[in-house]
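Peer 1: One letter stands for each residue in the lines below.
There are 2 protein chains.
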Amino acid sequence: MPNPTAAILVIGDEILSGRTRDANMHHLAGELARIGIDLKEVRVVSDDHAAIVAAVNALRAAFTQVFTSGGIGPTHDDITADAVAAAFGLPLAVREDARAVLAAHYDRSGLDFNAARLRMARIPEGAVLIENPISAAPGFSLGNVHVMAGVPSIFQAMVASLLPRLTGGQPLLSQTLRIDRGEGVIAEPLAALAAEFGDLSFGSYPFIQNGSYGSNIVVRGTDPARIDAAMARLSALAAALG
Amino acid sequence: MPNPTAAILVIGDEILSGRTRDANMHHLAGELARIGIDLKEVRVVSDDHAAIVAAVNALRAAFTQVFTSGGIGPTHDDITADAVAAAFGLPLAVREDARAVLAAHYDRSGLDFNAARLRMARIPEGAVLIENPISAAPGFSLGNVHVMAGVPSIFQAMVASLLPRLTGGQPLLSQTLRIDRGEGVIAEPLAALAAEFGDLSFGSYPFIQNGSYGSNIVVRGTDPARIDAAMARLSALAAALG
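Sequence order for the protein chains is A and B.
Quick note on numbering: the first sequence equals residues 1 to 242 in our numbering.
Quick note on numbering: the second sequence equals residues 1 to 242 in our numbering.
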């Protein structure tokens, strides 16, 4: 049975303006590989209602799971919950269990539970909450769309609560061989090896270090014995390059 | 006149598998802001022909400019040029000027100009070359799609050759005020300020530092005097929080 597939949707002008470098896609990509959910696409869109609605609907139709990051805080630019509810055509309203979690958190912290903070208890009808052990305001899963915060520490905590609920597949394993030669030298024998091991994927990632070209050859797959076999052949190829 | 818009398409299994953290989108996002091209979307797709073709066609129809990163090297997994040619329905073949640039480079470097390396001279019909001062193999512009390498130093050099050719708009300016209080405290007055300064965008980016909540409020726009005016009001708001 093929692995489930996934997409990540990052919502935020701060990435698109170049102000912030995204960390969440990189974290979740690694976690998904570990549990055998194949990440197929990432999109970053701005804090724009129509753009979020369109992306949520395109991605939830195309992939088994969709994970969103960002836009669920208390400020006017936090519009993800509204957009996800609109994408599903479902109402969004303050929900009692989410309100109670927030009320207890602000009570403990001595903070005012004001109208802006109450916005974070607005949950689309029928969603399942995703726990936020850090700042209380929950994420939620609506169908196959999982809505999480953008602050990296909170995003990571939500991912940790969410992933055990999802059905995984065969973990994506990989091994890397570094070759201190340009890609052009190994390209032809590598293509032949990739054709022979059709059940594995062979990636070649060139780099430049101290002015010299090198390549990391990454062999990925789900069967460790096959990866070992391919790596042995690859090492022999590299050794033959001298 | 509104600014031109743009999308970035990052092509590469290495990002989706969690192996590599993308650097190119962050670099180009900053450069585009500087010249007044509004980055509206980023997509990351895998080394898959159909996925690249679909993304290229969706993005080139939706935005003024599309920039791609990755998949133009000599190895079997470098399929971007083929996919972009297919997206436009145009033939792809070795082009004499690209071949000559590569031949001169390999001659200087004492490297073999083999069949794998010759693949990098395959350019879609009608494209304009993008210079690569680092490793010679050119990128290309086909219509509004600009195809560049994935290695960050080469990507950045190609961006530097390409951007002066493109029509920009009004640079996106921004100023940031750090408030060492949670977003919930300032959300309501901030929303009122954002409504009053409708020509600017107000982003609120929460963070957690040493266990305390804070927010960076970023005011973006194209008119420096308006941003100054908004920042003065914002500082007064922050001071009033005590």
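Keep in mind that the hints were calculated from the coordinates and are not lab data.
Do not rely on the hints blindly, as some may be mistaken.
Stated by the list, open to error - Each pair of labels, with its calculated beta carbon distance range:
(1) Arg108(B) to Gly36(A): 41 to 49 Å
(2) Gln209(B) to Pro133(A): 12 to 20 Å
(3) Glu188(A) to Gly126(B): 50 to 58 Å
(4) Pro152(B) to Pro171(A): 26 to 34 Å
Each residue gets a CB set at the ideal place from its N, CA and C atoms; glycine is no exception.
Peer 1: Next step is simple, just say for each hint if it's right about the structure.
Peer 2: Tested hints:
1. Arg108(B) to Gly36(A): 41 to 49 Å: Distance hint for Arg108(B), Gly36(A) holds at roughly 47 Å.
2. Gln209(B) to Pro133(A): 12 to 20 Å: 18 Å, holds
3. Glu188(A) to Gly126(B): 50 to 58 Å: 29 Å, violated
4. Pro152(B) to Pro171(A): 26 to 34 Å: Check passed, 29 Å falls within 26 to 34 Å.
Taken one by one, the earlier hints fail for this structure only at number 3.
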